[in-house]
Amino acid sequence: MAKTKDSGVEERPKWDNKVQYLLTCIGFAVGLGNVWRFPYLCQIYGGGAFLIPYLIALVFEGLPLLYLELAIGQRLRMGSIGVWNSISPLLGGVGIASMLVSFLVGIFYNTILAWVLWYLFHSFQNPLPWSQCPLNDNLTGYNVECEKSTPVNYFWYRETLNITPDIETSGSLQWWLVICLASAWCVVYICFIKGIESVGKAVYVTATFPYLVLTIFLIRALTLPGATDGLVYLFTPDWEILKNPQVWLDASTQIFFSLSVAFGGLIAFSSYNEERNNCERDAVLVGVINSATSLYASIPIFAILGFKATTAYNSCIKGNILALTNYFEFSEQNITVENYDHWLKYLNQTSPGEVASLDLTHCDLQTFLDQSASGTGLAFIVFTEAVIEMPGSQIWAILFFVMLFSLGLSSMFGNIEGVLTPINDLKLVPKWIPKELLTAIICLVAFLTALIFTLGSGNYWVEVFNSYVGSVPLLIIAFFEITGVIYVRGMKNFSEDIYFMTGNRPNIFWKACWMVISPLMLLVVLIAYVVVQAQTTPSYPTWNPAYELFPQTEVKPYPDWVFAIIILLCVLPVISIPLVALYKLICCRIKKSSARTDLNPYCNDGFEVETREQQNQRA
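According to the working numbering, the sequence shown is numbered sequentially starting from 10.
Because the hints were derived from the structure by calculation, they are not lab data.
Remember, it's a predicted structure, so these values are computed and weren't measured experimentally.
Here a beta-carbon is modelled for each residue, glycine too, at the ideal position from N, C-alpha and C.
Some hints here could point you the wrong way.
Stated by the list, open to error - Under the rule of at most 20 Å between Cα atoms (straight-line distance), these lysine to aspartate or glutamate pairs were calculated in the EDC-like manner:
id : residue 1 : residue 2
1  : K203      : D25
2  : K327      : E363
3  : K157      : E563
4  : K327      : E398
5  : K444      : E206
6  : K501      : E289
7  : K501      : E284
8  : K157      : E168
9  : K327      : E338
10 : K23       : E445
What the hints assert, rightly or not - Simulated DEER-style distance windows between Cβ atoms:
id : residue 1 : residue 2 : range
11 : T345      : L532      : 55 to 63 Å
12 : I576      : N516      : 40 to 48 Å
13 : I250      : Q141      : 37 to 45 Å
14 : R514      : K600      : 32 to 40 Å
15 : W248      : S548      : 24 to 32 Å
16 : K327      : V525      : 57 to 65 Å
Produce the complete structure using the sequences and hints provided.
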């Protein structure tokens with residue numbers, strides 16, 4: 010691992026080569042959301058029509074923010090806290106906010122990897138444990154809860170989560186999840202033990218293996234019966250749905266969170282770059298690959314879901330055929346899946362009363378296609394159910410969960426870097442503590458904090474963190490980032506920085522986005538998100554076998570104390586922004602009044618930033 014002098018005092022690591030850096034950034038940006046969130050949004054928002062607001066958000070919001078973070082990190086060669094303190098001490102809280110968000114997201118994100126490890130371990134069993142219901146305690150029949158729902162649901166909610174009926178019933182620690190969580194954090198620590206030196210080696214596998222698996226799935230999925238139905242369902246455009254403001258809101262937030270901006274990880278990764286590096290090209294490359302991956306992952310995912318829907322549709326029809334042949338004493342060869350509609354129409358005309366008495370199930374392919382899901386529902390319920398029907402189901406289950414683990418692990422590298430580098434910037438850790446020990450302490454603290462997600466109510470808390478930690482705080486952080494660089498550091502200074510690094514000044518498109526379009530879009534999305542949330546009562550689905558409509562999930566409103574925690578999760582990460590600014594301003598005023606401004610060059614007016622000479626000397 011090469012090293013470079015930073016500030017003439019400390020040696021700063023550098024990437025061994027450009028490929029390591031790009032793979033790390035791509036691995037951080039491309040995560041689980043590309044596989045289980047983007048396809049879902051395409052499905053519910055008009056298929057191909059969703060690509061229009063998505064691409065607009067990518068061009069005018071995502072790429073400018075990504076470019077800005079890579080450029081400012083590379084130029085100032087610091088993590089998030091150092092970068093914003095360098096631009097202005099009043100912005101130091103932005104770096105602290107990024108660090109807190111990275112930590113909070115990391116603790117629940119790695120819990121998902123613990124679930125993936127649990128499923129991966131069970132994928133080696135034959136038959137797959139979620140393919141059939143277990144016997145009851147008396148061994149005289151199958152488990153009642155499983156029979157009322159499905160084997161897939163039972164394995165997820167009972168065998169994996171052992172979920173409680175609601176979030177207020179915490180339950181006990183599930184020892185198997187504790188072991189899986191500890192294993193997940195051990196893997197993260199091993200990969201991160203030497204910082205970017207070990208991460209740079211790990212990304213060769215974690216960032217590339219998912220593409221290999223997606224390609225294998227793509228080839229296999231396209232040969233499955235019903236794959237075409239799934240793809241038609243996914244990409245058939247519904248232009249009318251573009252009139253719904255929620256589509257544009259979700260498209261903006263999806264591209265924003267998908268690129269992993271405002272976490273601080275990208276700033277930290279780019280700070281290890283050579284200073285004379287074309288960060289503009291890097292930003293465009295990472296952004297385009299990230300979005301292309303979302304599209305690429307959607308094809309095999311929905312081809313397999315189309316196969317699942319077709320299988321369920323055929324099973325439904327076969328059940329009706331059995332009822333018809335038994336009642337009318339037909340030969341089963343007479344009525345087939347292919348001519349079922351013809352026969353049903355004929356019997357409804359000749360014997361309508363008899364057909365009505367059979368109470369046949371209404372079989373509709375569109376209904377089965379509508380039963381898709383996002384998030385954990387797609388990974389641990391819908392997809393695992395589809396895998397059961399595929400020949401060689403064990404192999405496909407293993408490949409799928411190894412792919413998910415690789416995707417999640419690459420994203421975890423960015424989250425941990427977003428915590429480690431700012432801590433080093435603060436210089437709060439004694440020099441005698443090696444980086445390996447500091448990383449171990451952070452992983453241990455994160456593991457102990459994440460034990461809440463291994464309780465019986467853990468899945469409910471994961472949904473709380475997933476919905477609220479990575480929403481409003483990131484929008485606020487990004488807004489302060491772009492306004493801090495453009496209006497505090499100054500567009501002219503930032504243009505000179507980019508010219509120094511790339512040899513070219515930013516064109517009119519980038520300037521227009523940074524100065525007007527991107528901050529305006531962020532502000533509109535933030536306001537719209539808050540308005541939408543304020544108009545609805547926060548609620549969550551629960552898995553309650555005592556519910557009268559079980560196995561449907563029972564939707565309950567969050568208790569007041571949980572709602573207070575939700576507010577805290579939204580406010581806590583970003584409260585450092587005004588607090589640090591107020592603290593710095595008060596300190597400067599006190600020093601000014603004491604005629605001690607020489608102790609702090611920033612106290613001349615409270616807002617002064619480094620001069621060009623100071624920046625060049627430090628860099």
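Hint by hint, here is what the structure shows:
1. K203 to D25: 13 Å, holds
2. K327 to E363: 18 Å, holds
3. K157 to E563: It holds: about 15 Å lies between the C-alpha atoms, which stays within 20 Å.
4. K327 to E398: Given pair K327, E398 holds - Cα atoms ~16 Å apart, limit 20 Å.
5. K444 to E206: Holds: K444 and E206 sit about 12 Å apart, inside 20 Å.
6. K501 to E289: 17 Å, holds
7. K501 to E284: 19 Å, holds
8. K157 to E168: Judged against 20 Å, a Cα distance of about 15 Å means the pair holds.
9. K327 to E338: Given that 20 Å is the threshold and the Cα spacing comes to 15 Å, the pair holds.
10. K23 to E445: Between K23 and E445 the Cα gap is close to 18 Å, so the pair holds against 20 Å.
11. T345 to L532: 55 to 63 Å: 59 Å, holds
12. I576 to N516: 40 to 48 Å: Distance hint for I576, N516 holds at roughly 42 Å.
13. I250 to Q141: 37 to 45 Å: Given about 39 Å between the Cβ atoms, the range holds.
14. R514 to K600: 32 to 40 Å: 37 Å, holds
15. W248 to S548: 24 to 32 Å: 31 Å, holds
16. K327 to V525: 57 to 65 Å: Because 60 Å falls inside the window, the suggested range holds.
The structure agrees with every numbered hint stated previously.
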